[in-house]
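S.K.: Chain order of the listed sequences is A and B. Taking the numbering used here, the leading residue of the first sequence gets 1, the next gets one more, and so forth. Taking the numbering used here, the leading residue of the second sequence gets 1001, the next gets one more, and so forth.
Since the hints were made in silico from the structure, they are not lab data. Being a predicted model, the structure only gives us computed values, none of them experimental. The reader is advised that the hints may include incorrect statements.
[As the list claims (entries may be wrong)] Calculated pairs, BS3-like style, for lysine-lysine (alpha carbon to alpha carbon, straight line, at most 30 Å):
#: 1; chain 1: A; residue 1: Lys11; chain 2: A; residue 2: Lys260
#: 2; chain 1: B; residue 1: Lys1226; chain 2: B; residue 2: Lys1260
#: 3; chain 1: A; residue 1: Lys11; chain 2: B; residue 2: Lys1213
#: 4; chain 1: A; residue 1: Lys261; chain 2: B; residue 2: Lys1069
#: 5; chain 1: B; residue 1: Lys1226; chain 2: B; residue 2: Lys1213
#: 6; chain 1: B; residue 1: Lys1103; chain 2: A; residue 2: Lys189
#: 7; chain 1: B; residue 1: Lys1226; chain 2: A; residue 2: Lys261
#: 8; chain 1: B; residue 1: Lys1103; chain 2: A; residue 2: Lys260
#: 9; chain 1: B; residue 1: Lys1213; chain 2: B; residue 2: Lys1286
#: 10; chain 1: B; residue 1: Lys1260; chain 2: B; residue 2: Lys1239
#: 11; chain 1: B; residue 1: Lys1286; chain 2: A; residue 2: Lys261
#: 12; chain 1: B; residue 1: Lys1069; chain 2: B; residue 2: Lys1239
#: 13; chain 1: B; residue 1: Lys1103; chain 2: A; residue 2: Lys11
#: 14; chain 1: B; residue 1: Lys1103; chain 2: B; residue 2: Lys1213
#: 15; chain 1: A; residue 1: Lys261; chain 2: A; residue 2: Lys189
#: 16; chain 1: B; residue 1: Lys1213; chain 2: B; residue 2: Lys1260
#: 17; chain 1: A; residue 1: Lys11; chain 2: A; residue 2: Lys261
#: 18; chain 1: A; residue 1: Lys189; chain 2: A; residue 2: Lys7
#: 19; chain 1: B; residue 1: Lys1069; chain 2: B; residue 2: Lys1226
#: 20; chain 1: A; residue 1: Lys7; chain 2: B; residue 2: Lys1103
#: 21; chain 1: A; residue 1: Lys189; chain 2: A; residue 2: Lys260
#: 22; chain 1: B; residue 1: Lys1260; chain 2: A; residue 2: Lys260
#: 23; chain 1: B; residue 1: Lys1213; chain 2: A; residue 2: Lys260
#: 24; chain 1: A; residue 1: Lys189; chain 2: A; residue 2: Lys98
#: 25; chain 1: B; residue 1: Lys1069; chain 2: B; residue 2: Lys1260
#: 26; chain 1: B; residue 1: Lys1226; chain 2: B; residue 2: Lys1239
#: 27; chain 1: A; residue 1: Lys189; chain 2: A; residue 2: Lys102
#: 28; chain 1: B; residue 1: Lys1213; chain 2: B; residue 2: Lys1069
#: 29; chain 1: B; residue 1: Lys1226; chain 2: B; residue 2: Lys1103
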Amino acid sequence: MTTVALKSYGKVAVAIVIALIMLLPFVYLLLGALASTFSLTGTIDLASYRLTFANFATLFARAELYLPLANSVAVAVIVTLGNLFFCTLCGYVLARRKFPGKGFLMVTVILVLMVPVHVVIIPLYLMTNWLGIFDTYLALILPFLVSPLGIFLMRQYISAIPPDMEDSARLEGASELTIIWRIVIPLCKPALAVLAVQTFMVNWNSFIYPFILTSSESMRTLPVALALLQGYQNIDVPQLFAASVISVLPTTLLFAAYSKKITEGIIAGALKG
Amino acid sequence: MPPNSTQRLRFPDYFFLSPWVITLILFWLFPIVASLFLSFTDYRLLSGSYSFVGFDNFAQLFRDAAFTKAISNTFIFTIGTLPFTTCFAILLATFLNGRLPFKTFFQSVYFFPSMVSLVVVALIFTSLYARGGYIQLLCGLVGAPYPQEGFLFSTATALAAVMAMDIWMATGYYMLLFLAALQSIPNELYEAARLDGASAWRQFRVITLPHLKPMLLFIVVLNSIKSFQIFVEVFVMTKGGPLNSTNTMVYFVYEEGLQKFNIGYGAAAANILFAVIALVSWLELKLIKDKTA
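So that you can see chain B by itself, here it is in the shape it has in the complex (with noise of 0.2 Å):
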């Protein structure tokens, strides 16, 4: 069948495809490509010549022990994030689809902390985990433990202070795509099901978790994704402080590569990243996949 009139390619199209063609190639390819190059020299932005290296950035980062420190912290951050979201997500959603009144109204609530500025949240809490600040004061009430010199500035809180924000400011996020999913579940399965008795949880078991497995796994690919890539809250709150105790990957190559201009440094950091990204989005694909079939 010849194409009809709509689909021939006429003269104006490439005009129209030209800006997206455009910003492809000046921002999105050639940046990917000069990244990759770039972490083979030892280019460094105020000398101005690069020679190449060969493998001698990524050697180097192994062996530099603030890098496998936000290695490792960037790792503590997902896994400790993931899945308290996640599940509170869950539950927020299954809570909102049964019967509440004010119903839109609390999902808007919920989902509001999500749709603020990063920046502005990590300032709120930056005050908030201060020194007599009010999360003290809540601690004092409950009798827990806190310490003295404020969340942010001891090692053994920051990190966790800083991915309790997180927790907090991601779930409506996440509640709101969990919530569409359970919007698709027919509800005939669910009367069908109390017309046989099933309990509330048998339930959630049989009927919503099944129906959740493909959003689900998008959830947990899209949040570590995410996770990984954490940097305004480190910038806003600790600068990756005390004693690199909330260093992560990205804040280490903004570090190193905006901030002292090592570049090539920067990159090969940059690339190890993104190559832990995909490894671990890969990884979890496979995973839940064969758990699913």
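Isolated chain A, as found in the complex (with noise of 0.2 Å):
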């Protein structure tokens, strides 16, 4: 009996330690946003330490990380909302209808997430270029707002609902949006919010996108804004890490609540494939 328990005592342990090397850097990252004083060396005197929020104070000063901060969850927010309707609407068709290209249409699906992105950011600028929505809020959004991934997820979980319901619906005269909005989209709750959770983090964190799709600093979305404000001499590292903790906040409190969607979204994506 004491043997397993000191087994268990030294699971524990290992896994403590491990949870450590996972954990300190973002410990570095809070302390560091909170500190009063940071050594140019980048560590934390823990003698002269004092809590403050001074650093997040400046931060929603500077118009340079607030704008990016609106746009950020404009675009995420918007981006996680069209994703919701266009991939229902056409997961819905994919997984009930038969027709012709209907098998080509689903092999785009996976295909294209098989596409290296380095091969389309060239033409993907250009593109943009060409239709005049390059550095516009446009840039940042229409590209996104229905996801292989997205469409995938929900052809695959309408598939797996009888369709007895839609049909008897349909006999009694209801119209294709009325048997989507009232039948369809109820019963797909738990997949929607997987997909909400996914698309959301997805483009919060997104950075090489916004990065080469806009040029002007009003645009910058916050993943943009830090890569580029680091090593800038107007802005020290106590502010950048400040604008990091804003950066990682939701992910974590959408991670602290959903964690099971969060890693249910990312196994049926990693298993599609």
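Mind assembling these two chains? They're in different frames, but the hints should get you there.
M.R.: Here it is in structure tokens:
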């Protein structure tokens, strides 16, 4: 009995050590963001440490970080709503209907997921220029309103629901939109939650697309602003860390609240490959 | 059998499908075709005009020392991270799959770094790796040698430092995928093995590993595709330096195409990378499949 208990203590000790390795960099980030002073070498002097929100206050007074925060929220929310709407409609048609070209459309959903980002960055940059949407909110939103992963997720989920209810509603003269709104969407709530959390996180953290599709300071999203402000003389590390904490906060809160949905989404997303 | 009423394509369905069809054409198919087309031209954004140059871009790329350096760095990065990430991920997954108090808590903690914005992680590690920073202090404590100027400023350590961060960050993500695969292995198999007196290592080799094979295959391919595309870390931490020692293929594409606006040249580099990724994935699939069969 005692050896079993010892073994279990040993395992917990190992688990805690690994947890520390995973968390210490974030503890450093948080302590740095809340520090009154920060050494030039990037270490925190614990002897003179004083907790302060001053870095956050300065941050919100500066347009170069305040605006990106607003941009990030707007873009991530709009893209998430767009995905909930468009992926459901598209997934519904792909799950229920039979039509020529359906197989091709399904294949494109999977294939597009495997295309490396860098193949499209240069043409995408040119494309947004030609469309006249380069460096606008449209460039940050339009290409991402409907995602292959979202379509795949919704199609899989809707396929597993028996179509009987839709059929009887149709016999009673319900329109397609009514059927989707009243029958399909309520049944899809678990999948929609996974899709919402997943889409928000991906777009909130997204760097490369907002980075190449915008050029002016006022169009930057938070990750882009963080990457570009780093190293500039007029921004110090504690402020950069404070902005990073703000960038990590929504993902952390979402993760704490919906860790199950997030892991489900990731596994579903990975397994389709 | 005639299709039932649900299966018939109706008028509004075209509207339902159109967002994806438009996105697909505008933002995926067109860019892929355009990229191929551009790579055979000398298109430069600043001049605006272009002419066909055949394979000149490709020939020039292989004479470009920065490009060959970027290729070798990308391969070093992939080969130097993938085995570690995969092994750590399997170990952590097996560890969490056993009996352990607060299992879900630990699982979330291990997974957490891969949830965070890569930019933020790169910023944290830039400070940690700096001259006089915590990693140097740690090296001093255990007596390991370290570059005085900071890990990211030495040609000897910059790439390795980025790689170490990447392993730290990605392990939790792949752990989660392995865990999902482990949980699908029926427990009876282990019970039977224990009754037969099989050791933990033997159980792992005979039951766990064979069941993990499909997931392992998938993760090796997924991880190498992702590794070949490393960009954000390089952009935030080193800008490809010092002396191109961390220049990678995507960073090269970005610099040529979108900084110097040598669109044709950058597109050619992008297509070579695309071909490399496709080839490596295909080889991996073939190799592992042959071994399993």
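S.K.: Now look at each hint and say whether the structure bears it out.
M.R.: Going through the hints against the structure:
The suggested pairing of Lys11 of chain A with Lys260 of chain A holds, with an alpha-carbon distance near 24 Å, which does not exceed 30 Å. Among the hinted pairs, Lys1226 of chain B with Lys1260 of chain B is consistent with the structure: their alpha-carbon atoms are about 25 Å apart, no more than 30 Å. For the given pair, Lys11 of chain A sits about 26 Å from Lys1213 of chain B by alpha-carbon distance, which is consistent with the 30 Å threshold. Taken as a hint, the Lys261 of chain A and Lys1069 of chain B pair is broken in the structure, with Cα atoms around 42 Å apart against an allowance of 30 Å.
Between Lys1226 of chain B and Lys1213 of chain B, the direct Cα distance comes to roughly 20 Å. Compliance with the 30 Å bound is thereby established for this hinted pair. Proposed proximity of Lys1103 of chain B and Lys189 of chain A is supported: the alpha carbons are some 28 Å apart, at most 30 Å. Simply put, Lys1226 of chain B and Lys261 of chain A have alpha-carbon atoms about 23 Å apart, close enough for the 30 Å limit, and the pair holds. Of the supplied pair hints, the one linking Lys1103 of chain B and Lys260 of chain A holds, its CA atoms being roughly 13 Å apart against a limit of 30 Å.
A hinted pair counts as satisfied when its Cα atoms are at most 30 Å apart, and Lys1213 of chain B with Lys1286 of chain B qualifies at roughly 13 Å. Under the criterion of a C-alpha separation no larger than 30 Å, the hint pairing Lys1260 of chain B with Lys1239 of chain B is consistent with the structure, at around 15 Å. This hinted pair does not check out: Lys1286 of chain B and Lys261 of chain A have alpha carbons roughly 34 Å apart, beyond 30 Å. For the suggested pair Lys1069 of chain B and Lys1239 of chain B, the alpha carbons sit about 14 Å apart, so the restraint of at most 30 Å is met.
The suggested pairing of Lys1103 of chain B with Lys11 of chain A holds, with an alpha-carbon distance near 11 Å, which does not exceed 30 Å. For the given pair, Lys1103 of chain B sits about 24 Å from Lys1213 of chain B by alpha-carbon distance, which is consistent with the 30 Å threshold. A threshold of 30 Å between alpha carbons decides the hint, and for Lys261 of chain A with Lys189 of chain A the separation of about 12 Å falls inside it, so the pair holds. Under the criterion of a C-alpha separation no larger than 30 Å, the hint pairing Lys1213 of chain B with Lys1260 of chain B is inconsistent with the structure, at around 44 Å.
For the hint pairing Lys11 of chain A with Lys261 of chain A, the CA-to-CA distance comes to about 27 Å; that is within 30 Å, so the pair holds. Taking the CA atoms of Lys189 of chain A and Lys7 of chain A, the gap is near 43 Å; set against the 30 Å cutoff, the hint is violated. Proximity of Lys1069 of chain B to Lys1226 of chain B is assessed by CA-CA distance (about 19 Å); at most 30 Å being required, the pair is judged to hold. Between the alpha carbons of Lys7 of chain A and Lys1103 of chain B the distance comes to roughly 15 Å, so the proposed pair stays at or under 30 Å and holds.
Between Lys189 of chain A and Lys260 of chain A the alpha-carbon distance is near 15 Å, which keeps this suggested pair within the 30 Å criterion. A distance of roughly 45 Å separates the Cα atoms of Lys1260 of chain B and Lys260 of chain A; the hinted pair therefore is violated under the 30 Å criterion. With a CA separation close to 25 Å, the supplied pair Lys1213 of chain B and Lys260 of chain A stays within the 30 Å bound. A threshold of 30 Å between alpha carbons decides the hint, and for Lys189 of chain A with Lys98 of chain A the separation of about 25 Å falls inside it, so the pair holds.
Under the criterion of a C-alpha separation no larger than 30 Å, the hint pairing Lys1069 of chain B with Lys1260 of chain B is consistent with the structure, at around 18 Å. At most 30 Å may separate the alpha-carbon atoms for a hinted pair to count; Lys1226 of chain B and Lys1239 of chain B meet this at roughly 19 Å. The straight-line distance between the Cα atoms of Lys189 of chain A and Lys102 of chain A is roughly 25 Å, inside the 30 Å bound, and the hint therefore holds. For a cut-off of 30 Å, the pair hint linking Lys1213 of chain B to Lys1069 of chain B is broken: about 34 Å separates their Cα positions.
The suggested pairing of Lys1226 of chain B with Lys1103 of chain B holds, with an alpha-carbon distance near 28 Å, which does not exceed 30 Å.
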